[in-house]
Amino acid sequence: MSQRDKKNQYWRSFDEKEQSPAFLKEVEEEFANGIPPGVDAETHEPLPVSRRDFLKYMGFGLASVAAACSPIPTEKAIPYLVQPEEIVPGKAYWYASTCFGCSSACGILVKTREGRPIKIEGNAESAINQGGLCATGQASVLELYDSGRLQGPLDQGKKVGWDNLDKAVLAKLNELQDSQKQIVFLTGTITSPTLKSTIDQFLSKYPNAKHVVYDAVSASGILDAHEFIFGKRILPHYRFDKARTIVSFGADFLGTWISPVEFAKQFSRGRKLDQKNMSQLYQFESGLSLTGANADIRVPLLPSQIDSSVLGLLECIETGEIKSAPQDNGIRSQIKKTAENLKKNKGRSLVVSNSNDIDVQNIVVRINQILGNYGHALRIDQGSNQKKGHDKSLDRLVHDMKNGQVEALFIYGNNPAYSYFDSKSFVEGLEKVSLKVSLDNRNHETAQLMDYHAPDHHFLESWGDSEPVEGVFHISQPTIRPVYSTRSIGESLNNWMGIKEDYQDTVKKYWEDQVFPYSGQLLFDSFWKKSVHDGCCKTNQFKPVKQRDAAQVISESVKQILKKSKMLESKQGWEIHLYESVALRDGQSANNPWLQELPDPITKLTWDNAANISSKDAKKLNVKQGDVIAIKVKGRTYKLPVVIQPGQASGSISLALGYGRTKAGKVGNGVGQNVYGMLNGSNANWNYYVQNALVSTTGTSEKLALTQTHYSLEGRPIFKDATLNQYKSDPAAGNKDQVDLVMLWEQHKTEGHSWGMAIDTNACIGCSGCMVGCQSENNVPVVGKEEVYHRREMSWIRLDRYYKGDEENPEVAFQPMMCQHCANAPCESVCPVLATVHSADGLNQQVYNRCVGTRYCANNCPYKVRRFNWFDYAHNKSFDYYMNDNAGKLALNPDVVVRSRGVMEKCSMCVQRIQEKKLEYRKQGKPLNSDDIKVACQQSCPSDAIVFGDLNDPKSQISKLLHKNKRRYQVLGELNVKPAVNYLTKIRNKE
Amino acid sequence: MTRKLIFSLLILLVVGFLISIFIESASQVGNNQGYAPTQPIAFSHKLHAGENEIQCLYCHSGSERSRHAGIPSASICMNCHTNIKQDSEEIQKIKQALEEQKPIQWKKVHRLADFVYFSHEQHVGSGEISCQTCHGPVDKMAIMRQEEDLSMGWCIDCHRKADIVVHGTTDVKKVSDTGGMDCAKCHY
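Respectively, the protein sequence lines represent chains A and B. Under my numbering, the residues of the first sequence are numbered 35 to 1025, in order. Under my numbering, the residues of the second sequence are numbered 14 to 201, in order.
Careful: at least some of the hints might be erroneous.
Claimed, not checked - Derived lysine-lysine pairs resembling DSBU-like cross-links, with alpha carbons at most 30 Å apart:
1) 121/B to 957/A
2) 783/A to 187/B
3) 960/A to 98/B
4) 98/B to 145/A
5) 370/A to 762/A
6) 968/A to 187/B
7) 115/B to 951/A
8) 115/B to 110/A
9) 244/A to 206/A
10) 957/A to 186/B
11) 115/B to 952/A
12) 266/A to 377/A
13) 989/A to 186/B
14) 125/A to 198/B
I should point out that these hints are in silico values taken from the structure, not numbers from a laboratory.
Whenever a hint applies, use it, and build me the whole structure from the sequences.
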């Protein structure tokens, strides 16, 4: 390490960077936190084994041997009574549908086996996500089988039949028929045009009814600014692939902002090296986000400095001079460079901001107008419907409720008692509402305050549709008969309007009247069938918006921003930046164990939210990782453990929203802290940053279940990168230390196929969607916080995240890491029972039934990708997440075995998928086209970073990609283990 | 001295014998060869497949298309039995199941461990192996029984001996020569 250039070394944690003695001692030990079996995890005391216990276990052992010799128990085989003609048991069927995991409304394909959905993948035909799907979307299949969902209608908390519920609600509604008080339908963003029209129809029956839309994490600022300037409340549809220069002020568009999968697809298309110009991304932000980690130039700054920086950028573009941006840390010079680049790329650039402040968004509109980006990289004639929330209308609703002006409240798809910043007022106001109906299928924080529950289906159980972007339609169709006694919201509303109609017909009718005429098709029947089959369609609707020059109307916004930044200069104290985490987003899916255990792509924290602070601030406060600090905001104190985060703007603390649920369910309750209460939202739109927070230490500390800091890099060149200019002059830049080593052993000969993988680290954005894809495909168990803390998480693929250089603003690298299927596999040579051996087609096979659990292989694996199965997760009460629950078991993939305790497991390169395609082709009598095999991680990748295929076939996609590719390298290639997984160097578009 | 030698040889012999018995019996754990449970409906393959010569695939239609051969649904039985032998006690049971919407709970005869992936489609659909190769003379069984031991050794034996035509050529190879002995062909 000492001889190498320290500046160019990647590091994974501060401990490693500083090579602290504690760290060096820790890396020597097999187990972090020292917990060999037989030691109490809490007290770290050895567990006593008495003579009695010893005899007991011996006796049990003998008894179980005897039991094993008795005849096996009878197993039932229960066929259908009437087998549907189109179903063959044992075959997977795929249905196109729409994901409602968030409001992006991506198109999906649902894999069903024996009539139950087991996996969700992106629909390649969809114009939105184009085949990719995020972690949240893929994990939503688990929520279908969540036994914590409402299992039927409730009247004042008591189970009733649907008829009785309808009677009760109708009786109440009839009383309200002539009431002049408000009847309010409070929903999240609804992308479904049919549902929107059904709600409108329902509300039209009442004289004073309205529909209030509320997003926990809102884009009100953008909508307001467009309303102010163009006279139409519209969210632009962004096209990051059409921009050569992308500037983002705080918007994490690759991770969470508006439609992350779509944006990731677009972004990665603009970053391909084979085209003329690679796009360049500038990110101005406080906490390190996924987008910031992928930025070519990242400028960390305080949340309060962002507003004036946006203004500074406008000034610089207009006049070349900056008057308003912050002076410190060279922010101005960065803005100047950004402005120059933007001006060079007029009409081919894009400036976005996640600010919810209308003034800031007005300036952003103006900047994009000057640059001529409207109509190119952002469009308002075919705008987006993915965020519709209106902050002020919820504020007004709460005010009206408190004044007793609201008679009835229906809620659907949101949870203000948890996520509204002033939830106390909301709850108080709710008490004055006489009819309270929840249509959500969970009894969450808000729903449990309601009188009537008419639980909606899970989206995989019901008909529906969506129009995420104007002119782009998705269909949603049931893929399973309802698991519980729920009813689709559309049907509930139809019933309450006295319309006896199946919701399927409602959707169909809407499509016939509103979608079909614009489709350019001749017959509705064939159009409908095709749409249901494809899951999506496009129409040629344009809703032209009159262009107006923002220059004349933004002078007030400029004044406001200047006034605010003047005010802020004098303020003292900490600034808090609130963000959505990639896994949990706004917290709606908090009861999903896959998402809780998905490590945050940046902090690598699971099962918790923490206070991310810079190392400078940590020194100032004298706190270490895990120490709990108390943050006082608006008179309330929040206690959170510290995560020292490189790249965090000094003076700011980043906190993830979406945690601290109290009524999420058995998995999500009490995980982390709810920080929605910190939001600022008195007069204007809600602000996702807070000034003047007081921070103090508490003297206590908490365990953090982090998945990285495990294993030291030992200074090896594991991740390789270069700048674009270096690459242009030499494609092998950053990848020159390749050596050809002498082989001591005879090589494995791969006949026929030779499976391999190529991972383009230049495309990988680190979103971690592949981790959930793998978990869903391969029945990877959830182990819980305690076990993650003991570093026994089971994920077959992980996303390593490395930092390089300045810890105040490091370069970040992401590297998906799974079994490398080495030709000279070190694991194979140490297994005493031949449980891990090489296959003829180049796979490193793990044979669970042969494994006796010596763990030698994991010990000898240089990549540390082997996972030992410590507990019988599928039958152990201590791991009550989903596998041990009868409903949750239905989400398992029947083509992959559920591993038992005491065996080693690891990535199999989705051998079940290889086998499936091989058989399919063999039966058709055609040679296998290996590009047709898509392994789970590859399939889910929104940035197409992973390619799998046959290395022996020169025509395969992977062979073409790797052939003479100077960027190709193998991790730890110097060990001569000859991995089948190849990586391509990352190219950064910077000086 | 000789007595001691004989004595220790004897002990070795006894221990060796015990070990061989142990290994023999251990290899029989989970082996269900000959298992022939009484089924809820006294269905006879001998009558249907043997005497009446009904094709296996008429009822077990998944054999060529799916990993599971499949047990026919009650409606398949009734395709014929709405006209034939309606009064039989056993047929009444099927009728009753359909009327009451209670699926028939057959006892599974051929049971493989969870960690083995066996595909009928691969063997019957693609490999064109006859059902009797593994299931024995089903057409002579009044009560269905497990004919072979279904052990891994038995599987591997066939993979070593069976011929396969290499795709796109007329070459004939053994299954084992084309990766048929790889663990991950069946274990995943």
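Against the structure, the hints:
Using a Cα cut-off of 30 Å, the hinted pair residue 121/B and residue 957/A holds, with the two alpha carbons roughly 28 Å apart. Taken as a hint, the residue 783/A and residue 187/B pair is honoured in the structure, with Cα atoms around 17 Å apart against an allowance of 30 Å. Of the pairs offered as hints, the one joining residue 960/A and residue 98/B is violated, with about 46 Å between alpha carbons and a cut-off of 30 Å exceeded. For the hint linking residue 98/B to residue 145/A, the alpha-carbon distance of about 41 Å lies beyond 30 Å, and the restraint is violated.
Between residue 370/A and residue 762/A the alpha-carbon distance is near 26 Å, which keeps this suggested pair within the 30 Å criterion. For the suggested pair residue 968/A and residue 187/B, the alpha carbons sit about 29 Å apart, so the restraint of at most 30 Å is met. A C-alpha spacing of about 36 Å is found between residue 115/B and residue 951/A, which places the hinted pair above 30 Å, so the restraint is violated. Note on residue 115/B and residue 110/A: the hinted pairing holds, with a Cα-Cα distance of about 14 Å set against a maximum of 30 Å.
Note on residue 244/A and residue 206/A: the hinted pairing holds, with a Cα-Cα distance of about 18 Å set against a maximum of 30 Å. Distance restraint check for residue 957/A and residue 186/B: the Cα-Cα separation of roughly 18 Å lies within the 30 Å cut-off, and the hinted pair is therefore satisfied. For the hint linking residue 115/B to residue 952/A, the alpha-carbon distance of about 38 Å lies beyond 30 Å, and the restraint is violated. Proximity of residue 266/A to residue 377/A is assessed by CA-CA distance (about 28 Å); at most 30 Å being required, the pair is judged to hold.
In summary, the hint linking residue 989/A to residue 186/B is supported, as the alpha carbons are separated by about 25 Å, within the 30 Å threshold. For the proposed pair residue 125/A and residue 198/B, the alpha carbon gap of about 18 Å is at most 30 Å, so the pair holds.
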